[in-house]
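This is what each chain is made of:
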Amino acid sequence: MAQEHNLAIFRGLVKFKSNTQKIWGVLVFLTVITAIEVLLGIYKPESLMGHFLGMKILNWIFIALTLVKAYYITWDFMHMRDEKASLRRMVVWTAVFLICYLIFILLQEGGYVFDVYRDGYIKRDF
Amino acid sequence: MNTTVATTGTEGKAWGGGNQPLNASYGKMMMWFFIVSDALTFSGFLAAYGFSRFKFIDSWPIADEVFTHVPFFHGNYPMIYVAFMTFVLIMSSVTMVLAVDAGHHLNKTKVTWYMFLTIIGGLIFVGSQAWEWGTFIKGEYGAVQTKGGNILQFGEYVDVDGAQKFKRVAVSDFAKVAEGERAQHESKNGLWFVSEGSIPEYSVDEIYAGLQANSNILVRNQILNEHGHKTILTREESLKQLKDNGKLFVQGANLQVNEYGSSLFADFFFFITGFHGFHVFSGVMINIIIFFNVILGTYEKRKSYEMVEKVGLYWHFVDLVWVFVFTFFYLV
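Chains as they are written, first to last, in the numbering used here: chain Y, 1 to 126; chain D, 1 to 332.
So that you can see chain D by itself, here it is in the shape it has in the complex (with noise of 0.2 angstroms):
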């Protein structure tokens, strides 16, 4: 019941609410605000990402080096598999507007089928993303952290066409391990209120006698030179490296270490990519109601498919973030 002011004559004149200036629905708009803050919320991790690679501009991870695999293939694909997940997603983005024009023309077959694509399109990208988190927390070379917590990597010369060029060495190939040298600490067998965890596959002793016994094995550190590459230490120099500040065994990434560099490196990829995974998988859940809408009718009865422009421009967000995190991770 109209209790208070029931008329004051502007009813559909401009100061009374009867114009839209800006011609676009409450839930669109909202959904347009919602897309600002969370684009906001992006840039801040992104700025932070950039405020600590500046911090460390001379020793930061070379992200060709890190993301080189392609699953089913064995070999050295830089950027590769990244591009097939950023197309992806541009693609999910394409039927997704094209769901939403069928829309337009109430054609709720297409709708439907373009919807469907587009989950499936999401679905790649999420296995994908989960996949490439997978070869870079299992690591592919190992190397040692030192005291200072850098990190020192293993390869070797060998002639490529006639060009030296440095290639890395897993630890593996060449760490001697000695028998018996390390017990895991247990319980039962020592302190009973202490525990530890795993202990590293390699002791920094073990890798250390394996270098020496491999005279073609050099240690490349995390410092850039001029040329942009990692620089290799000379042999002496990496034997003493080694020996005086090696201190632990890393292989592949986690939030505490990173076998390819600076540890923020990878923290940064797990809180970034991880979020923006999160997006992804949001936004697969909801296209997967709007398409059960769809398919029951729902916006058929409604005459209006605005539900779907509105997830739709949440999805190409999601896309739009992708781009800048595929820029600031793989390309710069």
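This is chain Y alone, in the form it adopts within the complex (with noise of 0.2 angstroms):
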């Protein structure tokens, strides 16, 4: 009952031979990745601490990195890569949407209260 596997990452850049090499393969990719946010984290080079879009540099790299990771974690461990694209859409799309609808509303309404705090009539007291 062997199913079908695709075996390719990268677009087609890395082929594994098996599926079982696949596997390591990605796992190789994915410590690779964490050990440079864990770099990234404990030396926070200076030169990533500018701000982009009222965050960090660095710290968009995090979430960059993060979203590569959970994107090999769902497609080959998960694999999602060889599922129909119907169903890939159907859990993909909606969660995408959703979540940074979600995202949106509550970072932007946090920003709000914040600069409320800091430069309306309401004072923290201390």
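Careful: at least some of the hints might be erroneous.
Result set (DSS-like, lysine-lysine): computed pairs, CA atoms no more than 27 angstroms apart in a straight line [what the hints assert, rightly or not]: (1) Lys310/D x Lys17/Y; (2) Lys176/D x Lys138/D; (3) Lys56/Y x Lys167/D; (4) Lys15/Y x Lys84/Y; (5) Lys303/D x Lys84/Y; (6) Lys247/D x Lys167/D.
The hints are simulated quantities; they were obtained by calculation from the structure and are not laboratory data.
Hey, can you piece these two chains together into the complex? The hints should help.
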């Protein structure tokens, strides 16, 4: 009952011989990304401390790397790569849309409350 | 018995249920639906954490200063242990997907071993999580909470390779303990219908006396400066802040107080990592059930290891959530 697996990752740049080999390959990739995250987190290079769209560049890098990890966990460990496009879209688009919406609403509101504390009449008593 | 429409002439055809448009079995699809809804639950929690953090963006605790411990080692190792935990969980995800792969080849021995390793990985993770909680609850240096609910921490400047560096000092190292200053209220020596929780180890006056006696110690408040460090007050300002606003000595973190800063940080930490840890725990339990089913040969008889695949999906999802928790609690 050996199932068909799509063995190419990075858009066909790397092609594995067997599914087992692909699993180890993805593990190596995820470990490298985690190591990069940890190193950046410990050393916090001064050059990445600038702000971009209201957040530190370093934090944007962390979020991007997290999304890359999430992609490979879902696509290769959860075998999303081998599912039909319709199932894939049903799961991914729904979640991505709702999560983006939720994050936007809450972070926008959080930033607003911060401004009220800072500039408004309501002060935190110290 | 078929009492209603017996045949419609569409059996086996697309509109008669003859095909699976998504090419996935019922069980697997329902697992995907559950995962989507659970993902939204976790996103709700993490987005709420983001909300609180944006609300106090200039005074949020710095995770690097909170989680610095590694079991069996002394010293300051930010992130190392949590990186190890992340690796353990990814590794157990790998053994899980190897178990699924072995299941496709109907290799019972391999599935058994890989399931076993997955369970061990899950247990190591939950154990580490418990240790992390324990360390966080116990705390390290202690701090003083102000009337407004903010935190004042203590430290001193020391020379490290010629540069002045601010190093934290534990309250227990400088507070001047005054004997018999405050007795615990007990119902037998006071009002019998009133009880009192444990009183803090030090009173603010004792800490103030200690601060006065040690001229090298300064107070650090929660506000982040433009370099992302907490603001360190001058000596006069330190004494003044502690005298005017100090209210309660706090050690460690719980749902009410947090020596590292905003108590919301501790609340969300306990809630989100707790909820995730609960997922890992139930994942381990489900894995154990499947593990025994594999040993008993249930799936061997079925000629299909799809159950392993389904719990595998859940297990990878737990890993997936941790990747996000790791980023938003420890890195960003």
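- Task: Would you check the hint for Lys247/D and Lys167/D, treating anything up to 27 angstroms between C-alpha atoms as holding?
- Result: holds (23 angstroms)
- Message: Can you confirm whether the C-alpha distance between Lys56/Y and Lys167/D stays at or below 27 angstroms?
- Response: holds (26 angstroms)
- Message: Holds or violated: Lys303/D and Lys84/Y, Cα atoms, limit 27 angstroms.
- Response: Holds, because 24 angstroms separates the two Cα atoms, which is no more than 27 angstroms.
- Given the proposed pairing of Lys176/D with Lys138/D, does the C-alpha separation stay at or below 27 angstroms? Holds - the C-alpha atoms of Lys138/D and Lys176/D are around 22 angstroms apart, at most 27 angstroms.
- Given the hint that Lys310/D pairs with Lys17/Y, test it: the Cα-Cα distance must not exceed 27 angstroms. Roughly 25 angstroms between the alpha carbons, so the hint for Lys310/D and Lys17/Y holds.
- Query: Is Lys15/Y close enough to Lys84/Y, meaning Cα to Cα at most 27 angstroms?
  - Reply: holds (20 angstroms)
In summary, the structure agrees with every hint in the numbered list given earlier.
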